[in-house]
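Asker: Sequence order for the protein chains is H and X.
Counted from 1, the first sequence has number 53 at position 53 by this note's numbering; the numbering is strictly sequential.
Counted from 1, the second sequence has number 55 at position 55 by this note's numbering; the numbering is strictly sequential.
Simulated from the structure, these hints should not be mistaken for lab results.
Watch out, some of these pointers could steer you wrong.
[What the hints assert, rightly or not] Mimicking DSS-like on lysine-lysine, the simulated pairs with C-alpha atoms at most 25 Å apart in a straight line are:
id: 1; chain 1: X; residue 1: K77; chain 2: X; residue 2: K22
id: 2; chain 1: H; residue 1: K52; chain 2: X; residue 2: K107
id: 3; chain 1: X; residue 1: K77; chain 2: X; residue 2: K107
id: 4; chain 1: X; residue 1: K63; chain 2: X; residue 2: K77
id: 5; chain 1: X; residue 1: K22; chain 2: X; residue 2: K107
id: 6; chain 1: H; residue 1: K52; chain 2: X; residue 2: K63
id: 7; chain 1: X; residue 1: K22; chain 2: X; residue 2: K63
id: 8; chain 1: H; residue 1: K77; chain 2: H; residue 2: K52
id: 9; chain 1: X; residue 1: K77; chain 2: H; residue 2: K52
[To be verified] Partner residues are not named here, just some residues of chain H that face chain X (Cβ under 8 Å, in silico):
id: 10; residue: T13
id: 11; residue: T36
id: 12; residue: T38
id: 13; residue: G44
id: 14; residue: V48
id: 15; residue: Y55
id: 16; residue: M62
id: 17; residue: V71
id: 18; residue: K77
Ideal Cβ positions, reconstructed from N, Cα and C, are used throughout, including at glycine.
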Amino acid sequence: MPMTAREIAEAITAALPGAVVELRDLAGDDDHWAATVTAPQFAGLSRVAQHKLVYAALGGRMGGVLHALQVTTVVPK
Amino acid sequence: MSDVNARISDLVTSNDVVLFMKGTPLFPQCGFSSRAIAILDHCGVAYESVDVLQDMEIRQGIKSFSDWPTIPQLYVKGEFVGGSDIMMEMFEAGELQAMLDESGVAKV
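Next up, chain H with everything else stripped away, as it sits in the complex:
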């Protein structure tokens, strides 16, 4: 069962307090999302490390139930 927008946002903000999550539905099927995550925890981390924090927040669903989540990470100015 794909994750809903709310579940994705809640999972990320629960794991990354202070994060702001913007979600765009790419295909209208609750399965293809683009998420822009702005989080203070990203500061000083490589892009790969930033994305891994988001994937960890989604508890291993990336590549599985969450078939296609496009992630962009942003370090707050």
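For chain H, the structure is supplied; the task is to place chain X on it using the hints.
Answerer: The following block gives chain X in isolation, referenced to the frame of chain H:
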């Protein structure tokens, strides 16, 4: 080192630029893989591609090799660079082109 890790290690060290993808550059089988191909073609570098749909062992093995859950995966000079999203972020910031130039990979 397991057999599949050895095979992957050999692939990423014997080629400057390697993209593990679904399908082939001519016939990508997934939107993210085709976006990665478009980015590499735009950068104008020579690269090796590995179709993970033809090799289930590598399809799973690559995810633990890099501790990264999705395909495609880009390697430059043996180093994991990222998936399609990170390639796009780096490309838009000009970082990917700079990194490829600095690592002296062959252009096409």
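Asker: All hints, please: hold or fail.
Answerer: We went through each hint and held it up to the structure:
With a C-alpha separation of about 21 Å, the suggested pair K77/X and K22/X falls inside the 25 Å cut-off, and the hint holds. Proximity of K52/H to K107/X is assessed by CA-CA distance (about 31 Å); at most 25 Å being required, the pair is judged violated. For the hint linking K77/X to K107/X, the alpha-carbon distance of about 14 Å falls within 25 Å, and the restraint holds. Restraint check: the Cα-Cα separation between K63/X and K77/X comes to about 18 Å, which is no more than 25 Å; the hinted pair holds.
Distance restraint check for K22/X and K107/X: the Cα-Cα separation of roughly 23 Å lies within the 25 Å cut-off, and the hinted pair is therefore satisfied. Annotation: proposed proximity of K52/H to K63/X holds, straight-line Cα distance about 12 Å (limit 25 Å). Among the hinted pairs, K22/X with K63/X is consistent with the structure: their alpha-carbon atoms are about 13 Å apart, no more than 25 Å. Using a Cα cut-off of 25 Å, the hinted pair K77/H and K52/H holds, with the two alpha carbons roughly 21 Å apart.
Between K77/X and K52/H the alpha-carbon distance is near 21 Å, which keeps this suggested pair within the 25 Å criterion. Using the Cβ-Cβ criterion of 8 Å, the hint placing T13/H at the interface with chain X is not satisfied: the shortest such distance is roughly 20 Å. The interface hint given for T36/H is violated, since its Cβ lies 11 Å from the closest Cβ of chain X, which is over the 8 Å cut-off. A distance limit of 8 Å between C-beta atoms decides the matter here; for T38/H the minimum to chain X is near 13 Å, and the interface restraint is violated.
Taken as an interface hint, G44/H does not check out: its beta carbon lies about 16 Å from the nearest beta carbon of chain X, beyond 8 Å. Hint status for V48/H relative to chain X: holds, with the closest Cβ pair at about 5 Å, below 8 Å. Contact between Y55/H and chain X, as hinted, is supported at the beta carbon level, the nearest pair being about 6 Å apart and thus within 8 Å. Of the supplied interface hints, the one on M62/H holds, with its beta-carbon coming within about 4 Å of a beta-carbon of chain X, less than 8 Å.
Hint status for V71/H: holds, given a least beta-carbon distance of 5 Å to chain X, under 8 Å. For K77/H, the suggested interface contact is broken, since its CB lies about 15 Å from the closest CB of chain X, more than 8 Å.
When the structure is compared with the earlier hints, violations turn up for hints 2, 10, 11, 12, 13 and 18 and for no others.
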